[in-house]
Amino acid sequence: MTKGILIFAHNNPQIDYGLMAIISAGLAKKNLKVPVSLVTDKWTIAWLKESNMYSKAESIFDKIIEVDKPVTKNYRKLHDGFNSQTIPFENSNRFSVWDLSPYDKTLMIDSDYLIFSTVLNEYWDIEAPVMMSHSMNDITGDRAGILDNRVSETGIHMFWATTVMFDKSPESQFFFKLVDFIKDNYRYYADLFRFSPKQFRNDIAFSIAKHIMNGFETEFVYTLPPVFTIFDKDILLDVDKEKLIFLVDKPLDCGSFWASATKGVDVHIINKQSIIRNKDKLLELI
Amino acid sequence: MNFGYLIIVSTHADIDYLKCAYAAALSIKNTQKPGYDQVALVIDNPTVVKNLKSPWVFDYVIEWNKEKHWDGRSWMDKLSPFTNTVCIDADMIFLRDYSHWIDYFVENKDLYISNKSFTYRGEEISSDFYRKAFTKNNIPNLYSMFTFFKKNTEIATEFFTLGRYILKNPTEFKNLYMVDHKPKVLGTDEAFGLAAKILDITDEISHNLDFPKVVHMKPMVQNWPWSAEKVTEHAGFYLNKDGNLKIGNYQQTDIVHYVEKDLITDEVISLLEEIAWNKN
Chain A
1 MTKGILIFAH
11 NNPQIDYGLM
21 AIISAGLAKK
31 NLKVPVSLVT
41 DKWTIAWLKE
51 SNMYSKAESI
61 FDKIIEVDKP
71 VTKNYRKLHD
81 GFNSQTIPFE
91 NSNRFSVWDL
101 SPYDKTLMID
111 SDYLIFSTVL
121 NEYWDIEAPV
131 MMSHSMNDIT
141 GDRAGILDNR
151 VSETGIHMFW
161 ATTVMFDKSP
171 ESQFFFKLVD
181 FIKDNYRYYA
191 DLFRFSPKQF
201 RNDIAFSIAK
211 HIMNGFETEF
221 VYTLPPVFTI
231 FDKDILLDVD
241 KEKLIFLVDK
251 PLDCGSFWAS
261 ATKGVDVHII
271 NKQSIIRNKD
281 KLLELI
Chain B
1 MNFGYLIIVS
11 THADIDYLKC
21 AYAAALSIKN
31 TQKPGYDQVA
41 LVIDNPTVVK
51 NLKSPWVFDY
61 VIEWNKEKHW
71 DGRSWMDKLS
81 PFTNTVCIDA
91 DMIFLRDYSH
101 WIDYFVENKD
111 LYISNKSFTY
121 RGEEISSDFY
131 RKAFTKNNIP
141 NLYSMFTFFK
151 KNTEIATEFF
161 TLGRYILKNP
171 TEFKNLYMVD
181 HKPKVLGTDE
191 AFGLAAKILD
201 ITDEISHNLD
211 FPKVVHMKPM
221 VQNWPWSAEK
231 VTEHAGFYLN
241 KDGNLKIGNY
251 QQTDIVHYVE
261 KDLITDEVIS
271 LLEEIAWNKN
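Residue numbers (our numbering), protein chains in the order written: chain A, 1 to 286; chain B, 1 to 280.
So here's chain B without its partners, still in its complex pose (with noise of 0.2 angstroms):
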């Protein structure tokens, strides 16, 4: 079997992101058996990655600087050099090992989106506050967070065609569907799921599973009585040396999407590193 994870980033002013995956690819390197632990970085400058200390948990360095920031995510499927590929946003982290859903997804699906996301406590998330745009318009709730496909496989090629056509011409697509409620920039979560409604995909693609169960750490979906900037003005991040994160009293066993990229600092670097050096 070839598999991998995937990883599309490109340079930011303010935000390192290539920080933010080589924290991810760290992380899924300790957690994830051999031939599982694959990863895959797209980034439009590749001669910084040399700069890392263990440049070697990305198996692949691809250099592409086609799109920006996060719309490079919806060329997944041209620049995956898997033939199955979890393509994952870089401010994730992985806590444990998830080979048995890798063969489930491998084994059943051609392409599966992620449907749902957790709050910190554990809670599914039921809160439409960032994603109104979805529920207002009837559009599928997709995160791309987590999505994996086969290459070359009809419905994704399909799916990744139309979402890219999708990202391209946003203003026509609002207006066409969605009328209720526009959002400012439609991202490529809007577009996985405009695409899934319009190809009528939406059950085969992203059906009710019990995984991925991914840790969203934006802070107004948290089940606070308050509003929030950010989840840790109220609940610490804490990461200690054997790779065990709690975010305020709960300890973490699944990925966790901080979303506050300025959590990786140099000291979880080097904890996630020692993880690494150790394992290898």
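Next comes chain A alone, as it looks inside the complex (with noise of 0.2 angstroms):
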């Protein structure tokens, strides 16, 4: 059986995600010892030619795989600390990956998603043809709010695409094929199960399709670690050697910060402009 990692990244004017992607493909290929793939696009790859990071992404990817850019209508506001700007939120090829993955078992991951532990090598052998994080660890363990536990108020439970593990059974290919016809009657799902349209997310078609899958009822038996989120809100401030420094929100205190910082631990960053600010030195721990 072979097994291993693949991360979608298409850039936006404001993001490069592909960069992202090499930083977290590093990372994961260190600490998990298992090959990561990249499905990407032709403009991300000309600015990887263009930035002088091809040759890196190269070495690091076992490989690189062109698709399409998804076309999209999806906009999303992303914070930088309280700076926040509203950007193209490319993301609706997410349910090809069952088509795209060279890999038995794959595991997705966002391009923001940066490993440092051997957990998520613990599940590979679980028979299980589709498992996503059960859900989010805000870091300072009391900012999570309903909606990020649920897809609404009343509705089902959010399980979180930012990491997926798969087979290639034809119970995962249906999965996939399910999020893909979710994401294409979006806001029919979102009039069944009660949120808004306004922005697709996979966390949401994917726990639609879970849900659908188990027979319309929430299980949490096969599922993946929590994510471990840092909000964008929040600042990757400094890298000193594997210790990531942060400066968190305090939500009910505008404009004020607590020093945390993680080490040894995966975690989830929304802020990616603070990932890039620091590129040169998660570069260096590749």
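In short, the hints are calculated from the structure, not lab data. Just so you know, even glycine gets a beta-carbon here, dropped at the ideal spot from N, CA and C. Warning: the hint list may mix true and false statements.
Once the Cα atoms are required to be at most 30 angstroms apart in a straight line, the calculated DSBU-like pairs of lysine-lysine come out as [said to hold, decoys possible]:
no., chain 1, residue 1, chain 2, residue 2
1, A, LYS105, A, LYS77
2, B, LYS168, A, LYS177
3, A, LYS198, B, LYS241
4, A, LYS177, B, LYS241
5, B, LYS246, A, LYS183
6, B, LYS230, A, LYS198
Residues of chain A placed beyond 12 angstroms of chain B at every Cβ, according to the derived structure [as the list claims (entries may be wrong)]:
no., residue
7, LYS49
8, LYS63
9, LYS69
10, LYS73
11, THR154
12, GLU242
13, ASP253
14, THR262
15, LYS281
Reassemble the complex: the two chains are provided individually, in unrelated frames, and hints are given to aid placement.
Dropping the structure here:
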């Protein structure tokens, strides 16, 4: 059985997802010791070449799989500390991962997910068609809201598609076809599952597909560990060897931060600009 | 083995409890195995039962009018025609076979009362919004909505006798045992909880089990971030022609205590009747 990691990266004018994918892949490969492949588009490849990162990409990635850049009308407001901008969110082709993955067992991770532990290696041998993170943990422990845990207030449990592990079984193939169907009929499912359809979210589409395939019941047996999350209002301030130093937003005290740090744990850093700002030190870790 | 379900109702000005009991009995006939699907109805006016399309779903119809509404349930041991009985609330429907659990109760218990309930999303209810009298006064959290007992056993007789006494003397028992939070009404659940506490038999009659798993559709315990008067304000109730029930986006596979009596519409009754007719 072959196993490997897959990362999707489609640049937009504001965020260099290709660079983030190199950092994420490098850390994953170093710590999990499995090959990592990239799914990207010609525009992102062109920028990797122009920014002199393509040779680094070639050395890190097992395969670079070129696909069409997904057409999107999807926008999201993304913070960088207290600054924010509304940017395109080109995330609508994740369903195609089943067809694109060169591995028998694949771990798909977001490009802003940085792996510093071997925890996910414990999951490769579990016989489950699709596993996702069952929840997210906020670094402070108390800032996650109800919509971080549920698709809607009265609705189903939210699983996190930041980390998804799947095999090449007919069940997992059906799962991703269902995700595609939910994406194509997102307004209908938004009405049925009572969430806002303004922004397409893979977390929601994946959660609905899992809920449907589980007979409209919630199942927590076959899941990946929680996604340890640093919100976009938080800032990755510095990287000191393998220690990540953050300024963490105090939500009830506007303009104030706590200092916090992580070491040896996998982290989902939603503030992508702060990853980019620390690219040199992060690349040194690879 | 002689076993059956017991439903106790009385005439109410605004609520058609017979209709609820009829739906419960239909759902029992539709889902339980032969030998585990008998239903006895206790009612103050049995003549109205004949107006139902399928009165045969009630294997026994017992006329009784000594108590009104929920207080009648404390007489379950006297009223049941069965040797082994599960007394349920009228506003409950069954969605799958539980005969294996009935076998467990018959073999192992003289009396068992449920002690937990679940949201429509399958989470165990931890809120005491409706049960502060239990938590504040350290009374066992019993739900009389599913009570198994063997007729004429010592523990059941003693328990129900005390339960009836408590219901007849609510003020005295509230003053003695519920000083930290006095409920406006001392109902069957409180009476059963107090009886278990006074007799010191809680662990014997209500230990931790995976059954019954009753979805309790009281609105303020559904883990919602807002208050609600009805569950169906926010989550739909969908019964299909196969008898499968969804609440919101959740398939229901256990016993549903739907609380909102008007959910049992004529259409719901028709669906349940058709399944019963096709099965029998």
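Which numbered hints does this structure break?
1, 2, 3 and 11
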